[in-house]
Each structure stands twice: as C-alpha cells, then as structure tokens.
Amino acid sequence: MKQSLGFEIDRFARQQQTRRVFLGRAGRTLGSVALASLLNPRVLAAAEAKSEKADAWAGIVHPLHHPARAKRVIWLTMAGGPSHLETFDFKPKLAKMDGQPMPESMTSGQQLAQLQGQKLVCWGPQTNFKQFGRCGAEMTELFPHVGGVADELCIIRSMTTDAINHDPAHTFMNTGSQIVGRPAMGSWITYGLGSEVADLPGFVVLVSQGGGRSPQPIAARQWSSGFLPSRFQGVQLRGRGDPVLYLANSPGVSREKEGDVVRAINLLNAQHDLTVDDPEIATRIAQYEMAFQMQASVPGLMDTSAEPARVRESYGCTAGDGSFASNCLLARRLAERGVRFIQLYHRDWDHHNGLREYFPEKARETDRACAALLGDLKERGLLQDTLVVWAGEFGRTPMAQTNKGAPGRDHHNKGFSVWLAGGGIKPGISWGATDELGYAAVENVVSVHDLHATMLHLLGIDHLRFTYKYQGLNARLSGVEKSQVVKGIIS
Amino acid sequence: MAAAGAFGASQVDFNRDIRPLLSEKCYACHGPDARKAKGGLRLDLRNVAIKPANSGKIPISPGNPALSELIRRIFTTDEDDLMPPPASHQTLTTPQKEILKRWIIEGAEYRLHWAYSPPTKAAIPTKENAVDFLVRSRLKEAGLGPASQASARIIARRLYFDLVGLPPKPEEVAAFESNPSEQAYEKMVEGLMASPHYGERMAMDWLDVVRFADTIGYHSDNPRNIWPYRDYVIRSLNQNTSFDRFTREQLAGDLLPNSTRDQKVASGFNRLLLTTEEGGAQPRDYEARQLTDRVRAVGTVWLGQTIGCSQCHDHKFDPITTRDFYSLGAFFADVKEAAIGKREDGMLIATDAQLAELHRLDKRCSDLTKEFDAPELQEAFTKWEEAQKPASSSESTTKKLETSAEQRSTRQSDRDFQAFKEQAPELAELRKALAKAKKEQADFEASLPHTLITETNEQPRTVRILPRGDWMNDTGEAVTPALPAFLVASTPSHKSSQGASGLNRLDLANWLVSRDNPLTARVVMNRLWKHFFGMGLSKVLDDFGAQGDVPPNQPLLDWLACEFMDSGWDLKHMVRLIVTSATYRQVSTPSPESLEHDPENRLQSRQGRWRLEAELIRDNALSVAGLLNPTIGGPSVKPYQPEDYWENLNFPKRTYEASNGPSQYRRGLYTWWQRTFLHPSLVAFDAPSREECVAERSRSNVPQQALALLHDPSFVEAARSFATRILRECKGDESARILWAWREVLDRSPGPQEMATVRALLDKHLFEYKNDRAAASAYLKVGQTPAPSGMDEAELAAWTNVGRVLLNLHETITRF
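Line by line, the protein sequences give chains A and B.
Residue numbering for the first sequence follows the working numbering, beginning at 1 and increasing consecutively.
Residue numbering for the second sequence follows the working numbering, beginning at 1001 and increasing consecutively.
Honestly, the hints are just simulated from the structure, not real lab data.
Please read these numbers as outputs of a predicted model, since none were measured by experiment.
Check each hint, because a few of them may be wrong.
Unchecked claim - Covered stretches of chain B, going by a simulated chain A footprint (3 or more residues, C-beta under 8 Å):
1) 1700-1714
2) 1766-1778
3) 1796-1804
Claimed, not checked - In silico EDC-like links for lysine to aspartate or glutamate, alpha-carbon gap of 16 Å or less:
4) A:K469 - B:E1024
5) B:K1336 - B:E1455
6) B:K1731 - B:E1795
7) A:K426 - A:D151
8) B:K1781 - B:E1793
9) A:K469 - B:D1549
10) B:K1342 - B:D1214
11) B:K1187 - B:E1172
12) B:K1363 - B:E1445
13) B:K1370 - B:E1429
14) A:K469 - B:E1696
15) B:K1036 - A:D151
Quick reminder that beta carbons are idealized off the backbone N, C-alpha and C, glycines included.
Chain B extracted, bound-state conformation:
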C-alpha cells in the first residue's frame, strides 16, 4: 500500500494515497456497486460522501475531521462502531488512519482515477532521452541516482534476449566489446529489430495475453486450426504494423472494407476463446461463457480492466456496471461461433504455388467430368439405354429406370444418363480416372492449412443482462453494443461506422485505439516496459482500476503512452526509444543504496534481472547446440514429450508423436499448445496454459525446472550436440576446450575456480566413461539425431555432461 512519503514524495495525493486505501478497505460495502452501498454511503463519489448518509451523519466534512463521521468511526475503540468492521477482516493501520485525516484536513479533494484521465505528456528538454529524463527526475525526488552502465557483454546479451530471444554469437559480443560506441550499439539495435526473429520474440507476450493455443481447451481439448493467426502476429510485429491497425484487424478484420486475406486471418482473434465438444453441454450455457470470455479478453488485452467481475454484479471497486459488461459482449453477438461442438475447418490458407496446384487439380476434375458429355458418347448412351429396357423389370441394378413409357421425361432421361455414367462398362476407365482425380484434389485441399476466422451471423444473437450471471434466467433486459459508460461519459460520442444500425466491432476497435480512450496506450506501454525491465511501471499489468497499482512514475508511463499515440502507434519506435536509453543499459546488480531505498526497483534505480521465459530456455539451448532450426512460422511442432503424458485426454484418446527431422528443433514458441496438457518443460518454466488471457507470467524457481533441464531429451540431446561442436570446432586441449565452450554459452571466459570445477568433472567422467563404454554408448543415443560416428564415445559422453552443466547454469538461463 502506497502511503504519503513513499519514495520520498510528501503531499497527500488522492490517486496515490487515498483511493487505493478506500478501495481496499471500504469499497466492498461503500463503493461503486450501488445496490450494495450500506447505509446509503458511497465513498467513491465525493458528492455522496460529503452529504448526510441514511443515519443523518456526515461521513466526510471537508476540512473538518472532527465533524467527519468517517474519522470518528475509524478511530473509535468501540467494536460495534469501528470501521472497517471486524467481521470484514479488514483493518487500518495508524499511518493509514492519519493520512485519511490529513486528506480531510486538506479539503478531501477527489481526483478522477489516474488511469481514466487522459495521459499528459511532460515536456522533455531537447536532446534529452525522455525515458532517462523522467526516470532521473523521479529518482532525484527519492534522493537516488541512476546505476552505472552495464558491461558491453551484458548489454549485448540483454539486447539479444529482449529483441530476438536468441543469444548473440561470441564473435558478435566480442566485436561490440571492442567497440562499444553509441553508433555500434544503435547499429546492433537496428539490426536486431530488422531480424525476422524480432517478431517471434515480441509475439510471445501477445500470444499469452490473447490466449493463443492449438486446442479448444474444454473437456476433449481437441485441435483446431489457428496457427496462421500466430504467424500473422509475428509478421505484423516484424512489419511494424501500427498498433491501431493491428487492433482493428484482429477485432474486426472481417469488417474492414475489401478485407485482405491477412486481415481475415487476424480476425481469428475472436475465435481464440475456449470451446467445448462435451456431450450434454447446453448451448445457452456456453453461449454465455463465450460472451464473458470475449469481454474478459477485451478487458485484459486493451483496457487493463477486470471487467469480468461485472458479469454477476456491478463492479465492487471500479465504476463498471453489469450493463457495461453485457453491452460490451453485444459487440461480439455477430461472430459466427457454434455454442458447442467441433469447430469448422476455417478459411483455406495457401501459397500461390499451392493455389495453382489446387486449380490444376480442380481443372482436371472438371475436365474429366466434361469427358462424359463428349458428343461421341451420345451414341453409346442411346445404345445403352435401349439395351437396358428389356431388363428393366427384373434387374435390380437398373431399378432407377423402372417407369412407364408415358412418365418418361427429360428428367428421366437425365437420370438414365446418370445411370449410364455410373454403370456403362465402356466408361469404367474414365470413372476410375475421375474418382482418382477427385480424391487427389480432396486430399491436397485437406493437406493445406486452414484457419479459423471471424464470419458474421446475419442475425446477431440477442444479448441479455444475465441476473447474477445466470444463463438460465432470461428475464434480463436485452442490450445492444455500447462502449463502457464510465469511459465515454465525458468524451464525444462515437459514430457508428455502419451508419444508423448501431455500433459494431470495428467501432469498438476504433474506440479502443482512439485518443478518447485513456487506457489502451498506457496498458500496452506498461506491458512493453515489463518486457524490457521485468516489471511494469504499474506493476499490476491487468488491472488499471482502483485495486491496481498507481505507477510511482506516472509521468513516465503517460509520456510513453502519449508518444506511442503521437507516433501513430509505432511499436518499433517505442522499442527503440526504450532500449537506446541509458536506463535500459544500467547494471542489474543492485547497489546497496538502490537495494535499500528502491528494494523492488519501482523507480528503475537499476535494470531488472530474471530467468528466461520457458520458450527462450529451449531456444538458447538449441542455439548453443547448433541444432536450432530458425524457420519462421508454420504449423505447430511437437518436441519430445514423456510417454503417456496425454493419457488423461479422451474423445478421442490421443498419442503424442514427436516431430521428425528439422521440425524437432524449432523455437519454443512453435510448440504445440495443448491447453489441458501443455508440454511439461514449458509448464515447468511457467508458460501459461492459455486457457485465460495472461498479461503476466509468474516466475517460479521449482525443482521441476532442474528435472526438465537435466533430463528432458531435448536438453540432453542439445548438450550432446554442443559437446560434438566443442570437440569438432575447438582443437585445443581440455582447458582450451572448456574455455571455448564457456565462451559459447556465456560470452565470457571462466574464472580459475570455474575452470577448475568443470575440469574436475570432465576428468572424472572421461576416466569413468573410458572404463564403461557401454554407458557412454547408451548415453549418446538420446534424441533423434544420431551421434556422429568416428568420435570417441567416452569422450563425447563426458563432454556431454560438461554441456549439461553449462546449459543448466543459473547464469545461462538468466537475462541480466
């Protein structure tokens, strides 16, 4: 809980000091949920709070704590009168009571919640980097200064992990170490932002927050076609599609005039929710779940609002009503989505070459079909028809021809012709050829990727406010799409892009990325900040409401938000601004002073440091091993996975087949995302199941991480492959090889102690494997790629353990 004086600030500030307190301790009974406002008192509205409550007493008398019932009730020792009441299990500390008193003495001014007022852009002296200027101004207030700049090696590694998610090569680090000039740094930044791997790295955050996964999530958790959406995200980030367009394409790509294939793929965003195929599922139940799922997504992805709370009741802490909730849901009432059952295949996605091939196969089918109509067949048909007549009364094969002469018509003749085509012996070859062509066409089409996209229902679903969220209760009022009242009340009304027919998804998207919306730019910049510093400026990424975290450096977040909008929602511009700041290049090891006065690093008195994300741990290992297949995009892949890990899946039962060949060695983000049983190595390192939108992954440190990194065949094979590299690429003695290997993994030389430790391990295992060649031989069989022949197996096995040690180091899996 922030209190006055936190981080060195002095005056009572409503948004920083008072609202969080009122929200946490009082709003549950005296807050925005109007029907629950006990005693007629609401503390979220000043005009209510300063007037007599039901009791006749005045809760807040501005400037006069002695006359304020609130003050009496929080300071009283009478348990019956005490607020918050003991039964609520909420208590106020003495400093908290004192600050409420001070606030009332100072006039009990309210301010609009910080995140609901438009961001303001602080003036930055020319030639100053805005990030550095604003960070330093805030540090100065707290009596702190920035940390020193990190070493060239740390900066290079940090930048590579943050921008492309892959480690730099030792020679790249060495080059930068020998010339760590501003120009060299900027060149590195530009090079990495231009790399196709940039989109992959930046996409990871987005895929979490939109809950991208390869399966439906509920019950059978069957596959669905959606990976082209993931590739759209990567491509858009690489092309630096402006964020406003990125938003429109995903929420309403299908509604854009003359929408392109890419925009339709993007509209797959609306299909990322959980669906079910469970027998006995009730359509209306799941229709309601789908609506809430989509509203929560908009709340998390763009607004940073916990709108989900308003599904059953008006929000307890924020001014979001159930009407807002369902009206937001109504924007999606036109999205064609079966309430239950299997998802459709979706839109065909093919390359030009594939399309040409598909046309060729189509044409072959139609050509062959035409051959039946060739003029020379007419004669054969007539003969065949005549031949059928006598037999028509008895032969079952010609049942279709059983009609009296007078009934025969053109239609009958057509039917005869059909039978002729199906039965005439002289057409057997043609029939066979056509069947084959059709099968080829169908097989080929089925082999082409499809992806779920948004299509619209002609008649949108009726959306009703569900009393207490109960889908069985249809007594609630029907609502039409409307923007959240609390955010648009004070802003100009938004015109529908569809004229008089009301607002649609495109209007929603337009509003989300309009200047009138105070939230989106802040929410997105806050997540971007977390990407580069490990923690948001407001540390609660998904709640910018009263229960969230008031950013200790709001001018910085606001400046970033304004600059983001001013630049035309240019993400790369913002990335560049951040990573070229001195703030970004600080050391991450805390000084005693920074640790004491800024323990959580809320003021950026140093850089952050954290364990790499699950996918990057894999990417790093494969990269060091020389195994990484750097292909961008395509269907999701299946790295090795323990047998029977899917045994609890059913309808149908499934066996996991690991990908073969190069697709075994793809980057982690392409891993098949099975929601109910995500790959265990990803789970161990905190990758979310993506059943829900996740703005922030947890970062744990658990024994399963050690087990996975030590024993998952992907990592064991990577260690062996790395060992192979060591032996092949470095021709020196053991010490030279250790030095080389160490540099490959960490871009630095080992210290004498480190060298000695690795050397001791190597010597011992060399000795032992030479005496147990069978063990060495067995060890080298892990993974699909055979160990190279012609190498001493004992030597390779011992070096594999060295490789494993290096890949398991805390330093290896940490971004400093």
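Looking at chain A on its own, in the form it has when it is part of the complex:
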C-alpha cells in the first residue's frame, strides 16, 4: 500500500520526461527540479519510517499484569433494557402472583421510573421458557438459536446497576460512571492494550436500528474517550452513507488522484519537518497514511458479499442491510482483523408497553445472529480468545406498567440478566440469582463494576492497577468503590 501511494504521480513524472525527450519540447512539462524531488523521495521515506514509530501504541499495560484469557471483546448492547423476566430469568412464582399487588416490603423506598405514583402489581412472565443444551439453561423459547449454543454461555442472573433512566444507566454501563466525561470501556481497553490492526481503529462501534417503534436515543458519549486521549475514541462504522465519516473521496476524485494529494501532503510535511523538527509531523504523516489505507480497507471490510452464502444465511442477513445480523457478521470480520473492542448496539428494547406484541420482534432480530456469531467465532478458533458479552443497561420490573396502553414493564436496576461467552469464561453455567419474583439480585450479586473488573481480568489487566490520573484522582474503569473480579465464572 505504502509503495503504491504516489506511485502514479512518480510514473506520470517519468512519462512526461520520456515524452518531453521524445517530442523534443521542453515548455509544457515538468522542470528538472520537480523530477528530482519526485524521483528521489528519500525525504518522505525517512519521514515515513519515523512516522511508523511515532504512531505505534503498544498499550499502557505492557507487559500484561497476568496472562490474558481473551485478546478482544465483542460487546452486544441491547439498548433500552431487555426484560430479564422474558429472556433468561424464569420466575414461576411471579406467574402465580400475576395480578396481585407486589409485596411492599420489596419495593418500598426503592427507585422507580415511570411507575412513580402507580399501583405496583405483579405481572407473570409473558414468554414460555424451556431448558436448553446439556447444561439445561433456562431461557425463553423465543431464543431458540441462542438456546442452541447454551453450552457456550455463562448466564449471570444477578446483575445490578446504579441508574434507572436510560441515559445515565447507559453511561454507567459503558463508562463505569454516571457523570459524563469518562472514557468508554472500549477506550480504556485500547488505551491499555493498544490494537492489533494498523489500518482500522482499535475500538469500533456498530449501531442497528431494527424494525419497530421509537427507540431510545443513544449519545456519541457512549463511545467517547472521555478524559483519555482522543485516539482511543470509538469509531462508528455506519450501515448507510460513508461507513466511516468522511471516508469517501469527493465525486470526481479517483483513488489515484486522492493518492497523489495525500502523497503530496506527506511529502511537503516531510520537507517541512527538516526545518522545524516536530515529532507531531511524523505522526501526522502516519495518520494521512492510515486514512488513505482505511479508504481501501473499510469498504473491503464492510463488503460481506464475498462471505460464503452458508455463513450469511447462518446469521440471517443480507449484505449491507445495516441489520443487527449484518453487524454481527461484521463483528466477526473485525475480530478476525484484530480490532480490540467491538461494540454493537441494537435499539428498541424499551418495552414499557406492548411487550407481548413487540418483544418477540426484538428476539427475532437478534436471536439467530447472536448464536451465529458464537458459532462462527468458534469455527474459526476465535471464540477461545474473544470475550462476547450480551447486556442491556438495566432490566425490567416484575410489576406491570399499564399506563401506556397494552402492558409492559418499567426500567429496573435491582436485578437483571446478562450473558458472557468465549475467552476465559466457564461455558454452560449460570451465576447468581434474583429473588423468587425476579425483583432483586440476592445470590452472588454482580455489579457493573464487577463486570468491568472481570472483563479486564480476562484481558490480562488488574483493574485496580489500571488507572489514569484525572482531576487528581487515579480514575479506574471499575470505579473507586470496592469491586471484584467474579472468579466463579472464569474457566
């Protein structure tokens, strides 16, 4: 790539020289000085050599605190907060209590969102559950494919979070703090470990809209690098338009011409560096190189049409449809290329109302693709060092919400379910439990900070030693409060 960049401009200069000699006219072509600079690009070569060094980021945790079990993370964010009571946490007692008041002893003094001031009435599970796999994991029948890979999963049924509204809960799950301005976990991890890929960002975000209704908004702060340097921010790969913002050339500018422009910029920058000796110039040259390479590599990455039909079918996607399924396939391609942190968002899990009608649609949009992703990673030998996490920002109340039409469930932070699979995770187990009504996590409670600490542990990072000084504090992803690695789920 590097050699080809600008090659055209050199060749053109040579042709012009030949042509001039051949035609015997000197006037309208390049002067000899120009040729000297173009045919003797030692300056640029030297600058490029310097730039490669300038741009290398091996990660701040170097060497690792302990051997890593996972090299990368794929985090499947189910935005809006899927109900644990309809997915992974079966509560027969809740079914029995259907229509009866929720015991006040449980709910009094606890946070409520849209149920503030409403009658709190139990609402039984709205999907059928069954046991899947050799491990007999209980989950909804609406996840038949995920059920099919149940023996790969570790289902945590005892998650809790601090926040109960989407925006702060989302921010908390992604950054470990409800206060905005903290780095996203993907930023932390690329800061800690660097990336294994040169022509793609180390932290990539993909958002799918799904069918359905009016999903909760998502803020770009969810993949912001916060107080960490901007190079660690997540880069969104978009399903429509330019896959990366400003990636495409302007109309009328071919790749070859763009190469000429970039080459000229870098050559001029390299020449300038001779007089000012500024290390930022070497970095800038590297960034223009990378930008130019991304123009080729990203569309190649996004084009899944060359994937075998069998693979595409297993995910259930059509190339370029921007669906969650397509993004799962892209996630595998990104993992293969060595991207460190890949975060997918699937929107519209916020079932305050119409849960019976709309929940199955979300299940359909995600079930098959999640399972296909795990299968595909495993087939390629990637699952053993890729940590896959499926999580919303919170769970949903065992109480019905009925003030917005057909019943649904409100936001809930005292107990919910997530699953993990892959690198270093005990397969085919479940961890923790909520009480008999699915209200509060009561056994082996796992906080968001514990989840972060565990993820870092699997990546070879001691969460207590992984800090960044910000406003006088040694800030940590896993927070200043006590948090711990969930050892029981590590294989």
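We have chain A already, so just place chain B on it with the hints.
Frame of chain A; chain B shown alone:
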C-alpha cells in the same frame, strides 16, 4: 513527580517536593478524609503526624528520622510493615524515600498548600517586562537562557491566531516583515485587541470551561435557547469588562441592583448545565445532579478545585468536606430550574427595531379588540340579543344564552356580549382581522430570540448533605449557603449582601473575585498563559489541589495573579503584558539545549507550538478561501454535516438541515453545539461536547482529522473557492500562481522542493482532468456555492486539489 533538584533547584521544599508525594502515595488512607484516616494517622496535618498514632508510635519525629515510624515503614523490607502497602499498588522510589528522610532531618516543616496562600508579587526592576524578568530568573536557576526571537512572519501569524483566531493577510505580514519595530508590533497588538474578532477568539476558551452548548445534553438532547449568552461573552471580552464584573454578572446578574438586560442574559450561566426530558426521570434524582453539576462548574471555572470528589465523601487529597460541597450547592438553591422536562423559552431578546415592531403588532391587536367596544356596536348588540331569545331553547349555537330571565345578570349580559362578538355575522370581517393580527403578533414574537436566564424561586430548595451522594437518602443535615471552610477559615468573614437573610449567589461571586480568595486570579491567569503558550504554568488547569502540579515558576504565576487583581481584573491589560514580552516572541523550534534541559518547556525556554483548535481550522480555511462570513454573534449555524449523523437521536427524531447562504460560512465557534452528537469535524479536532466543564482540550493527531480535512464538503468547497481565487487574482503562469497561493496560505514563499512537488501534482491533475472533464465537472459541484461559470473546469478541478494540499499541510493547521 517533582523531586528536589528538579530544574536545578536544591533545597527540600514542602510544597514542591513533599506534599505531592504524600498526597499521591499516602493521603488516600492518611489524608484529609478524616473518617478514613487509618490508624489515627493523618499526614496532611503536622500536629497529628508528629504525635503518637493509635499504635503509640510517632510517625514523624522532626529532625530525627531514626525515631520516625514513617521512615522505618517506607524503608523496611518486611512486606507486612511496608508503606505504602503492596496492595495499594503504590510504591516509593529510592530518591523519593531519601527526600522524605531529608525533609524530616531538616525539621519536617509543613507549609500551607501553595495555592491556598495568597499570591505574592515579586519586585520587578523598573523598565523590565515582568514576564521576561521572572522567566529569565527561573531559566537562570536552571542554567538556561531564553531562545532567540522568532521571525517577523512567525510572530505575526502567532499573534493573529492567538488574538483573533484568523490568519493575517500576506500584505499585513509583509508590512510587518519590512518594519518589525517595537512600535509596529505594539500597533499590531493594539489593532488586534480592538478587533471584534478578539472577543470571538478569547470566548472559545470560556465557552469550553462553562460548557456552553445549544442542547440540553441528556437523553433527547433537545435544543434550548441560550446563544445570546455566547454573544454576551464575546461582547464582554471585546468591551474588556473587568473579570470581577464578568463573574458577578454570570453568577448573579439577576441579583444586581436594577440589573440590565445584558446582566440577565449573563445570568444564563447558571442554566448551562445538563437537563433531561427523559420519561421516568425522578425529580429528586435530577435535582441532585443539577446541584452537583453547578458545584463542579464553580470548582472548575473559578477555583481550580476538584470539588466534585466531595459529593460522596470528604476529599481524599484536599481539605474539602462534603459539607463544603453541599453548602456551595446551596448558593444555587434559589435558581428556578425545573428538575425534569422541557426548558422554558426564556427572556425575550430583541433589538430596538424588533421591539418597536412588536409594540406595533401588540397595538394593532388591542386596537382591533377595542373596535368591538365601539359605541355604534351597542345598538347592533341589543338587536342581536333580542333576535337570539326565541331560538335559545333549541339552537345549540346559542346554548350559552339558556338561562331564565330572573337569573340574568350583568354577568350574563357580558357573556351574551362575548357570544355576540364571536358569532354576529356583521362582525365576521373584524373577527378575521383580529385573528390575523394576533397570529402575526404571536409568530413575530416566536421568531424573536429568547434566552434562558436566572430567575429566583421565592422559596429556595432545601439542600441536604446526601450521605454517599445518595439522593434517595434524606436523612442528611440541611445546609445553608456557605463559602468553603478551608478557604475562608483564616480570612475575614464575608458579609451577606442581603443583610441577615444569609449569603446568596452575589456573595459567592463577590468572594470568588475578592482578594481573600487565593485561587481565582491564579486559575484564570494560568488558563490565559495556556492560551498563549500552549500549557499552563501549572500544567493541570483544573486542579490546583494537592494532586495538581506545583508550578515550576510560581513567582511568575503569582505575579500575574497579583497584577491581574491590581489592575482591576483587566484582561486586556494582562493579554498585552504577555504578548508584548520577549518570552512570547521566542522561537518555538527547540534548540538541542532547551530540549535536553527543559524537555516539556515548563520553564518557557522557548515558545509552544500546537495544532490549531477545531474551530480555527475551519476559520482559517474559509478565510483563505475568501468564503468567510465575518458576522459577529447571532443564532448558532449548521455547516454541512454527513447525512444520518443524527439518526440515533430521538424524542423527536431530527434531520439536520445545513444553513443556507452566507450563514453556511460562519466561524467555527458559531456551529450548532449538539452535545450528544457534536459536528464530526469539530469532534475530529478535539472540540469537547461540553457536557462537562472543560478547562483543557486534548490535542490529538488521529486519522479522522485527515479524513475530515480531505473530505468534509466545507473544506473541499473552501479548496475550490481558494482555487477560484488563485485563477482570478493571480494572472501569472503556473509557477507564479503556486507561489501566490503558497503565500496566501502560509505567508512565505515555497522552497524549490515544495514548488516542485506542488507543480508535479498540478501538472498531472491538469492533464488528467482535461482528459476526464466529467470528473472535473462532478468535483466542482461540492458545496452550496456554484463554481463560477466561464472558467475551465479541468483547470479549476486541478487547482482545487492544489488548494486541498495547501489547506491540509501540517504547517497550515499549526500555530508556531
């Protein structure tokens, strides 16, 4: 970590060498958070540290390291005894241990934290520039000298970018190059400080630190009316409003006697925080968030203190208690602010002409309303009333008239008259006219700008200390407004401006800019220094506490702080002092000596150099292109933005409509600041989302910058517009044109290699576009402004690529 001997200094200095060490390594367990002080030991207080701890042993025995438990514990090889304990992941290096020992040998003296003692003003020999004198004194201690003065060209460009944020014209640079005298320089300084663009440039820093943005921030991130506040900031900086007044107006403009419209606009400062419209948000939760948001702002903007840490517990490193935190929050308990939901429109902001028009429309409405009461209508009314009676029992339209005769009263008659006005056919025309007038009035008023300002609640909110920051716990003690105890303990008590009713926001503002407060002037001068040198004298701009950075040249920072106060908080005076110093005019290219002995340039052994701020990269490109619309102020504008960039916004869903016409070409600082999805070109170049107060932007160098600068239509259009200028304004051959273009962008001539590189690109692309005119034609369609007709499209396209190369150069986007 500073150690004794850093930068050539020799004696152990508590503030420079010891406190940072104790703070970083020990305070987490033995510091200001009294409830956490393990073993009864606090190392932040000398009188505690020199007395026996719970163990009975004496931690620090002044002059006697052998008797000091601290020394034994840091030097021991026994892991069980070692301090800091291995589990803390903190370690002390040998030099650090040695300096603690030396400090104890020398008597273990404590000093008040440098930033909490009042700044002192060093004596400066007459005729010396204080900045130069103090910088050179410090350099001398380190065995260094100042760098040479930069070239006239560099100085001029530097000054333009720093003072107005726009590049100089080549002829302005040429003029200064031909006469680089002190007088000519001073004239340039005065001219730029008098330019209306000065306020724009200086406002950028302030807008970051106060988190000015056009949207609410949380969840739906809907718009709110606030841009007039931004214009107030620009105007104040241009008028050189003294900083103490600037402070009072923003924190308490509404409380000033007979407050003016401008002062009310300024009080919009209190409304710049994040708010939510999320369904299910709990009012008390957000009331608590708003309080902490405001306290953090005061901490960052004026005090340079990380007060936010004290929301849940007493500060680990600084003597700030949770009581201080909530008492500071209580100053804002009177600010009328809905905890959740849509913000109100705010105060009407109109020009005199607009107000006159509004009065005219108001008057027309009232005139038309009066016509209903015209005497000649009385007769018609009586007739109409009579006519209604027989039909009253059956006609639904006259239901209002259904009452028995005896019940009829004056009120009934009024009601009849109302019905008459609404229904009588002979009044149809009048009704139509009135409706139209009312609509016009309402539409016009809605079209006028409004801005959020501070209004007060009659009953201030009750503010309680929230145990561990938990808003659901209301068992904490209620607090009233009080200044931070650690800063006012030793200073005279502050009288309330409201008499006996306690302190209010105006008192807080008065104290922030009083001589008794050791922080504000230093914090503001430190940020100003960063503006002109790229790094603060204390390099942590937002933390002047124990975990911050002790300035290697404290006499300089202190002198600036004192001079700032002595001058009556005169910002332009301080700017002038700094930019007319020789220190400011040094070269930024480091000499080997400067690089070796002052690698980070903490001693100002040279100038700084850095990539231009996001907004200025845009301003520079538009300026070179001849596209820049230099209008000052007004509603925020929307430069081109990639389609669907806002697709993840909701409630409601929004489409982005780029501004049309001249407002497309405004300066970057006027860009619509959508907090959750800030314009991607601004994001690429490190502009903050302004969800939080940001004293210091990061400065990255990432591929997204290349992509934005190469492909954002704003920059492509600027390159084409610049190409148009090249072809129109320079009539020479290709080389002459390259030379001209180069000078327009960089105010210098290209070297032979540079010329050759550009020439090669130009020739190749000229050749290619002439053979592919369709490509050229497509290329020229980028942007709203049509390419001029009558120009050779291939030529313009090729020159556009030359323009793009020049606008993308590192040198172009760097302030040297």
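Given the hint that K1731 of chain B pairs with E1795 of chain B, test it: the Cα-Cα distance must not exceed 16 Å. Holds. K1731 of chain B to E1795 of chain B sits at ~14 Å (cutoff 16 Å).
Regarding the pair K469 of chain A and D1549 of chain B, is the alpha-carbon distance no greater than 16 Å? 12 Å, holds
K1342 of chain B and D1214 of chain B were given as a pair; does the straight-line alpha-carbon distance stay at or below 16 Å? Roughly 14 Å between the alpha carbons, so the hint for K1342 of chain B and D1214 of chain B holds.
For the segment 1700-1714 of chain B, do three or more residues have a beta carbon lying closer than 8 Å to a beta carbon of chain A? holds (count 13)
Agreement of K1370 of chain B and E1429 of chain B with the hint, judged by alpha carbon distance not exceeding 16 Å: 14 Å, holds
Need the status of pair K1036 of chain B, D151 of chain A: alpha-carbon distance at most 16 Å? 46 Å, violated
Taken at face value, is the distance from the CA of E1445 of chain B to the CA of K1363 of chain B at most 16 Å? Roughly 14 Å between the alpha carbons, so the hint for K1363 of chain B and E1445 of chain B holds.
Is the coverage entry for the segment 1766-1778 of chain B by chain A consistent with the three-residue Cβ rule at 8 Å? Holds: 7 residues of the segment 1766-1778 of chain B have a Cβ under 8 Å from chain A.
Taken at face value, is the distance from the CA of E1696 of chain B to the CA of K469 of chain A at most 16 Å? 14 Å, holds
Verify the coverage statement for the segment 1796-1804 of chain B against chain A, using a C-beta to C-beta distance below 8 Å and requiring 3 or more qualifying residues. It holds: at least three residues are needed, and the segment 1796-1804 of chain B offers 3 whose Cβ sits within less than 8 Å of chain A.
Going straight from one Cα to the other, do K1187 of chain B and E1172 of chain B come out at no more than 16 Å? Distance of about 12 Å is within 16 Å: holds.
Would you mind confirming whether the straight-line C-alpha gap from K426 of chain A to D151 of chain A stays at or under 16 Å? With Cα atoms ~10 Å apart, K426 of chain A and D151 of chain A stay inside 16 Å; holds.
Going down the numbered hints, you'll see the structure goes against just number 15.
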